[in-house]
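Undergrad: Protein chains in written order, with my numbering: chain C, 1 to 402; chain S, 1001 to 1402.
No wet-lab data here; the hints were simulated from the structure. You may find that some hints are simply not true.
[Said to hold, decoys possible] Simulated pairs of lysine-lysine, BS3-like, Cα-Cα distance not exceeding 30 Å:
no., chain 1, residue 1, chain 2, residue 2
1, S, K1033, S, K1395
2, C, K65, C, K42
3, C, K361, C, K268
4, S, K1395, C, K361
5, C, K361, S, K1106
6, S, K1132, S, K1142
7, C, K268, S, K1395
8, C, K142, C, K106
9, C, K132, C, K142
10, S, K1395, C, K395
11, S, K1268, C, K395
12, S, K1142, S, K1042
13, C, K142, C, K33
14, S, K1106, S, K1132
15, S, K1142, S, K1065
16, S, K1395, S, K1031
17, C, K268, C, K106
18, C, K395, S, K1361
19, S, K1361, C, K33
20, S, K1065, S, K1268
21, S, K1361, S, K1033
22, C, K132, C, K106
23, S, K1268, S, K1132
24, S, K1361, C, K31
25, S, K1033, S, K1106
26, S, K1031, C, K361
[Said to hold, decoys possible] Just so you have them, the derived chain C footprint on chain S, three or more residues with Cβ under 8 Å:
no., stretch
27, 1042-1055
28, 1106-1113
29, 1135-1145
30, 1322-1334
Everything numeric in this text was worked out from a predicted model, so none of it was measured. Each residue gets a CB set at the ideal place from its N, CA and C atoms; glycine is no exception.
Spelled out, the chains give:
Number of protein chains: 2
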Amino acid sequence: MQVLTSNQIQTVAFQWPAGFYSDGIHIGLRKAKKDFGWLFSKVPAAAAGTYTTNQFQAAPTKLTKTMINQDHQLQGLLLNSAVANSCTGQQGWENALQEQQWLANKLAVDPSLIGVASTGLIGAQLPMDLIKNGLPQLTPTKSDAVTYAVLTTDQHPKTISVQCELSGHLVTLTGFAKGSGMIHPKMATMLGFVTTDAQVDGSVLQHMLSDNVDSTFNQITVDGDTSTNDMVVTLANGLADNPSLTAGTPDYDIFNQALHLVLSSLAKQIAADGEGATKLVECNVTQAATRMDGQQVAKAIVGSNLVKAAIFGEDPNWGRIISTIGATDAELDIDHVDIAMNGIPLVADSLALPFDEAAVKATLGQSQVVIDVDLHAGDATGQAWGCDLTYNYVKINASYHT
Amino acid sequence: MQVLTSNQIQTVAFQWPAGFYSDGIHIGLRKAKKDFGWLFSKVPAAAAGTYTTNQFQAAPTKLTKTMINQDHQLQGLLLNSAVANSCTGQQGWENALQEQQWLANKLAVDPSLIGVASTGLIGAQLPMDLIKNGLPQLTPTKSDAVTYAVLTTDQHPKTISVQCELSGHLVTLTGFAKGSGMIHPKMATMLGFVTTDAQVDGSVLQHMLSDNVDSTFNQITVDGDTSTNDMVVTLANGLADNPSLTAGTPDYDIFNQALHLVLSSLAKQIAADGEGATKLVECNVTQAATRMDGQQVAKAIVGSNLVKAAIFGEDPNWGRIISTIGATDAELDIDHVDIAMNGIPLVADSLALPFDEAAVKATLGQSQVVIDVDLHAGDATGQAWGCDLTYNYVKINASYHT
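Bound-form chain C, shown alone (with noise of 0.2 Å):
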């Protein structure tokens, strides 16, 4: 891939891409917060998306799910946040098509190119007379009042808006997440949604999103638990009017860069409002043996409780990150593993280095820890996210859910 000089994708400040309309609302799902809301384009977009793996999948994921695969097109979400209709049997899956069809009975459009996604609380059924009679309150606006709607325990909503040039046409990115959090019950519901005016294929839409994808979300870890309702969702509704995009060329690129550009904003974002955080943890494995082993290696390393709960506390603790890496069946030379928290040596070849201990625990201080392992063993790379392990994630995950 073509490494990309900074003028030709640049962050700007949060816009909808042209056609693309959203609200969000209060209907009383929770106590007085945003709760409810909806994302629609004005014609037909391409879209892609990536779902949980847990075996329990939600009704709104898996009905979701069924209408992206159908022909990979969908023009309008209805979101709701504090239920997250999971576990919740056949009841559940007639409320998530009665939603479906609530929703394109509004936007005049077919039910197939509906979806709907929901966070919150396993096991309890959505109050769909406090749904029926939020829907006529939501307003075709431009405001960011969805990116609120879709929270949980998140301290602030994850945006990102970036803009590139395709064959001179102005093309526009916009996503945003959800992160770990709840208020009934704290499950780590990621839901994610990026919407672009490009012009692209489903099917090429749907590979470059599951390209990125394991390289950005599904390398981020709050708590190691995979929640019944992930999802992330791409639509793409083509008004920026590029030529549609093909894998092999410059525009592809280009539009493959500003996709991951956004992914990856939005998985930190969520890696740095991890329930209870204050520090954003990055590791970066480099000369792994294959992608596989680095990212293996990446992630085993900010979701170790004890590596995690070192960073709390500002502990350069490398003997848990040493452990950690040999807790996994990465390809490794034993005797010639690096380790550097925020620049500083600590370890090299698998024995400890000198080092000023007072200093790396002032960089440790910072709120982005940064950990730099070398594995000798080749020539990938991996990277990973997470956040550290603190009194406030104890705190917010043993409150009673009721």
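We have chain C already, so just place chain S on it with the hints.
TA: Frame of chain C, contents of chain S only:
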């Protein structure tokens, strides 16, 4: 395996089997507590071991494994806490060999009959002068002092003695272990030791140990981190003079069940005394498709941070349990999973049951929480043990290691 009546295997007060001696003293590795000890049999014993799968296996673990694998014979073990002698390179290996030689000299036996075990800080070299000076102070006692000398952040020693009769010969099995904790720096360097005066061939003993460790020590988790020093060693010196054990005989079954009782008791004691733990959590999975499925699901549940935090908060949050089940690759009938906590049914056929939340919450305040999961997918079972995730876990593991 036949079901034994309680009078065939009895738990008795702590005592060493015939011919075993030990001691535990303070030599300055820790500030004030016992940190150094030995354990030996007056005659060579059949020996079996299981060892960490971590690729960075510590020097003492590697040395003891090599000795046992030669001919399944061992006579003595030198033990220390505070320094794990892990990731210590050639110097660490030579130090382990030196310890072995010193103890061989003291016992006047061949070094191939000596093992060593260390637990504590990764990456630091053993202070060999302290060990050399400490060795002459070790005396052959029948006390339980050695069970203290291996502890780090453990709150209590973990011990058990059981007796059974094999063909008219009284046989004693005594086990002890150290759990998850540390002084410096809190690695879960788990060590377990079982001594017995039973007569049993080393390879038979190895088979029994490996088989029982799978369903006991390998089914506990405190924080999901596999250390570099984990090891369980069993010594059988034959002084009970029973006919040597052979598979398929009643004696074999009795001894095997006694061994299972010792190992599962030590494993549960480690889980209950996990870092910061206030509760032992036991998960029993029934009607799994395979034993591996049952064990995987049970271990995933007791290992989930979200489940562990909910149990600390006395929150019957079954959504986290079912989500954890779904995140495994166990064969599931996703519409027919049942969940109960402390005997109170919460979920039937994967759907919420009405339950008295105050009553469930009250039972979750007890020091032991039992989660029962019925997968309706076969006739295999699985069991695992863990503990809750508490403020104190974070506190213990966030403190600076120097």
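Undergrad: The structure should be examined with respect to each hint, and the outcome stated for every one.
TA: For each hint, the structure was consulted:
Proposed proximity of K1033 (chain S) and K1395 (chain S) is supported: the alpha carbons are some 21 Å apart, at most 30 Å. For the hint linking K65 (chain C) to K42 (chain C), the alpha-carbon distance of about 21 Å falls within 30 Å, and the restraint holds. At roughly 23 Å between alpha-carbon atoms, K361 (chain C) and K268 (chain C) fall within 30 Å of each other, so this suggested pair holds. Simply put, K1395 (chain S) and K361 (chain C) have alpha-carbon atoms about 17 Å apart, close enough for the 30 Å limit, and the pair holds.
This hinted pair does not check out: K361 (chain C) and K1106 (chain S) have alpha carbons roughly 44 Å apart, beyond 30 Å. Distance restraint check for K1132 (chain S) and K1142 (chain S): the Cα-Cα separation of roughly 23 Å lies within the 30 Å cut-off, and the hinted pair is therefore satisfied. At most 30 Å may separate the alpha-carbon atoms for a hinted pair to count; K268 (chain C) and K1395 (chain S) meet this at roughly 26 Å. Pair hint K142 (chain C) plus K106 (chain C) holds up; C-alpha atoms about 18 Å apart against a cutoff of 30 Å.
Among the hinted pairs, K132 (chain C) with K142 (chain C) is consistent with the structure: their alpha-carbon atoms are about 23 Å apart, no more than 30 Å. In summary, the hint linking K1395 (chain S) to K395 (chain C) is supported, as the alpha carbons are separated by about 13 Å, within the 30 Å threshold. For the proposed pair K1268 (chain S) and K395 (chain C), the alpha carbon gap of about 26 Å is at most 30 Å, so the pair holds. Under the criterion of a C-alpha separation no larger than 30 Å, the hint pairing K1142 (chain S) with K1042 (chain S) is consistent with the structure, at around 12 Å.
The hinted pair formed by K142 (chain C) and K33 (chain C) meets the criterion: a straight-line CA distance of about 19 Å does not exceed 30 Å. This hinted pair checks out: K1106 (chain S) and K1132 (chain S) have alpha carbons roughly 11 Å apart, not beyond 30 Å. Distance hint between K1142 (chain S) and K1065 (chain S) is fulfilled; the C-alpha atoms sit about 26 Å from each other, no more than 30 Å. The suggested pairing of K1395 (chain S) with K1031 (chain S) holds, with an alpha-carbon distance near 20 Å, which does not exceed 30 Å.
A C-alpha spacing of about 35 Å is found between K268 (chain C) and K106 (chain C), which places the hinted pair above 30 Å, so the restraint is violated. Restraint check: the Cα-Cα separation between K395 (chain C) and K1361 (chain S) comes to about 17 Å, which is no more than 30 Å; the hinted pair holds. Restraint check for K1361 (chain S) and K33 (chain C): satisfied, since their Cα atoms lie roughly 28 Å apart, inside the 30 Å limit. Restraint check: the Cα-Cα separation between K1065 (chain S) and K1268 (chain S) comes to about 24 Å, which is no more than 30 Å; the hinted pair holds.
In summary, the hint linking K1361 (chain S) to K1033 (chain S) is not supported, as the alpha carbons are separated by about 39 Å, beyond the 30 Å threshold. Restraint check for K132 (chain C) and K106 (chain C): the C-alpha separation of about 11 Å stays at or below 30 Å, so the hint holds. Annotation: proposed proximity of K1268 (chain S) to K1132 (chain S) is violated, straight-line Cα distance about 35 Å (limit 30 Å). Of the supplied pair hints, the one linking K1361 (chain S) and K31 (chain C) holds, its CA atoms being roughly 24 Å apart against a limit of 30 Å.
For the suggested pair K1033 (chain S) and K1106 (chain S), the alpha carbons sit about 24 Å apart, so the restraint of at most 30 Å is met. The straight-line distance between the Cα atoms of K1031 (chain S) and K361 (chain C) is roughly 24 Å, inside the 30 Å bound, and the hint therefore holds. A stretch counts as covered by a chain when three or more of its residues have a beta carbon under 8 Å from one of that chain; for the stretch 1042-1055 of chain S and chain C the count is 3, and the coverage holds. Using a Cβ-Cβ cut-off of 8 Å, 0 residues of the stretch 1106-1113 of chain S lie near chain C, which falls short of the minimum of three, so the contact claim is violated.
For the stretch 1135-1145 of chain S, the proposed coverage by chain C is not satisfied: 0 residues have a C-beta within less than 8 Å of a C-beta in that chain, short of the threshold of three. Evaluation of the coverage hint for the stretch 1322-1334 of chain S: fulfilled, as 9 residues show C-beta separations to chain C shorter than 8 Å, against a requirement of three.
When each numbered hint is compared with the structure, violations occur for hints 5, 17, 21, 23, 28, 29.
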